[in-house]
Amino acid sequence: MGKERRTNVIPLPEVDGVTLERIIGFLKIYTEESFQQFTVQEKKKRCDEFFANCKFNDFLTLASASNYMGAQVVLDEACQRTADMMKNKSVAWVRKNFGIKNNFTPEEEEAMREKHEWAYEGVDPDDDEEDII
Amino acid sequence: MYRRSLLFPRRRRKPRKAGVRAPDRLTNLPLLPRLKILSSLPIDEAVRTGVLSRRWRNLWKYMDDITVTYPSKKLWKCFDDLELDGYESEEATDEWVYQNMKAAGNMLRQLRNRHIKKLTLHCEHDPPVEFAYQWVKFAFSRKVKVLVLKFLGINYSAPDWFGKNSSLEDMSVRGCFFFEIDGEVRWTLLKRLSLRFLRISDGEMSKILDGCPLLEDLILRNVNNLKTLSVACPSVKNLMIMNENSDIETDLNEITAPWVQSLKIDEVLTENALQLKSLSSLRKAHINIVYKGKNDNFDWFVKRGSEVLEGVVLIEQLSLRGDIVKVPGIMYVLQHAPCLKTLIFKTGYLQVWSPSEWEDQVCRWAISTIKDRVAYMKDQILNLGCLKNIKILHAGCSHRQTAGRLAFDVAIYILKHVTALEEFVLALPENDNPCCMQCLAGSNNVCGYLESLNQKLYNQLGDRFKSDEWEASIAGSCLRIVSRR
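Respectively, the protein sequence lines represent chains A and B.
Position one of the first sequence corresponds to residue 1 (this note's numbering), numbered consecutively onward.
Position one of the second sequence corresponds to residue 1 (this note's numbering), numbered consecutively onward.
Hints listed in this document are in silico derivations from the structure and should not be mistaken for laboratory results.
Virtual Cβ for every residue (Gly too), placed ideally from N, Cα, C.
Some hints here could point you the wrong way.
What the hints assert, rightly or not - Taking beta-carbon pairs under 7 Å as the criterion, some of the chain B residues facing chain A (in silico): (1) Asp24; (2) Arg25; (3) Leu32; (4) Ala103; (5) Lys388; (6) Asn389.
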């Protein structure tokens, strides 16, 4: 005589516990009425506080998880902060710190750089202390 | 039966050896977050990602949310090098600027989407005349929906074609010495227009408003020169006039907006009264006007200032902040606003002020006018049949009772006349936002102060507030009295 077991559990295969907590935490803050009344600077400060102890890996996980769950505001924040980490860094730095393998031939790479010369110049030299791993 | 994991607990992973690359999680993100990240970068940085690896080669060309910054990093470097060499050559500068424009144009033309959702042009230096709108033209050709232009203080009028667009839905312009457009304006799909840090004439504003038949939101921030704002278009529902972090007074004298339903006037400085006329559709208003004249003219402001609120009579939600709270015109509104459901006063200040600043700026005015206001209020008759919610926020610190008393007196007076009240909230500043240094010492007294206020309410209101019909609670720095009915 098997009773049907009702389950209130929704499986989230793409999301781990820590990330889920962060997403819920951020959404809670975001939907508070007091938060909505803040000025832009105050909102930014509050978000900075919330994400203070996140490393870049956490942002990538957040981006992936919030994309899966459809939490738009968290996705926006996670993508913006990842982009902020990449800003004004050389290609070599980004490759090294994000673990991207360069599979271009040197000729191909050279051709690409020449095509948009202005985009590749003027970047500040890498500061090794700023590595994020 | 035991679970396998109990019998064979998982071994901890050994820490990765130094030098071994971490998995490339960025490239393995789904497409949408990756494009979003690229969109948060200026276009030259996004183009650079093309060379990271094969999977990144053409990704940037599929962005539909683009940010162009001028000058580019390379151009800044050219300028810096020129300065270091110790001379200024106009020819060299022109040549570099031309090269920058050409390069940026090349990048934009490589974008593959026929329709671009958003273009942001962020100028830390104003680009030359012939190039200023070049990128905007590109965006128009790709049916852009959202356009954000951030100039520094561009000083020439927008070209003729700029005024004709049938795909733009949202436009923000910032930083024009004078905002004007050659010829007619017809932005047939524009729903939201935001103008900031610019000057615009009455005529130009009318021309624009006439040319936007579907406009819903009009936002003016730190906009000067405009004297009369007449919003005749029936579709405009939200009007916001704000003045952030600025000491410059507004030039606005008069606002006529018969169709606007939601009005926000925030931190607008004025030495004259601002007239709100014909606001017959207004349902919700937030008004925060700061008086910028000399202290001895304050009485004049109080008298003239009541004209501001005379236009606002059919509203359902009214939020008042700043000097306007001291204006007797509030009583006029309360007398003639039978639909008012929610009334919010924000009287305190969120910044940390030193005790002497607090004394000078708030207490002096408050103490000097308090007698007048009390006398005025005694003569008024209120009709507040619909008022359900009253909130007094940041009503002053626990030991500096003057600012709190301002709103408190008004609240007591109102409470004596409401019949349908459901909730009354009195909130002091949060402990981490003290309104003056001495609050830090008195923060433990918040609860006691609120209890004494609660008692005062019951004492003053007597029969009106029978205890079985109302429930009072204190949570944090907030006193809440809720009707049990």
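Status of each hint after checking the structure:
1. Asp24: holds (5 Å)
2. Arg25: holds (5 Å)
3. Leu32: Cβ of B:Leu32 sits 6 Å from chain A, so the hint holds.
4. Ala103: holds (4 Å)
5. Lys388: violated (17 Å)
6. Asn389: violated (13 Å)
Consistency note: the structure conflicts with the earlier hints numbered 5, 6.
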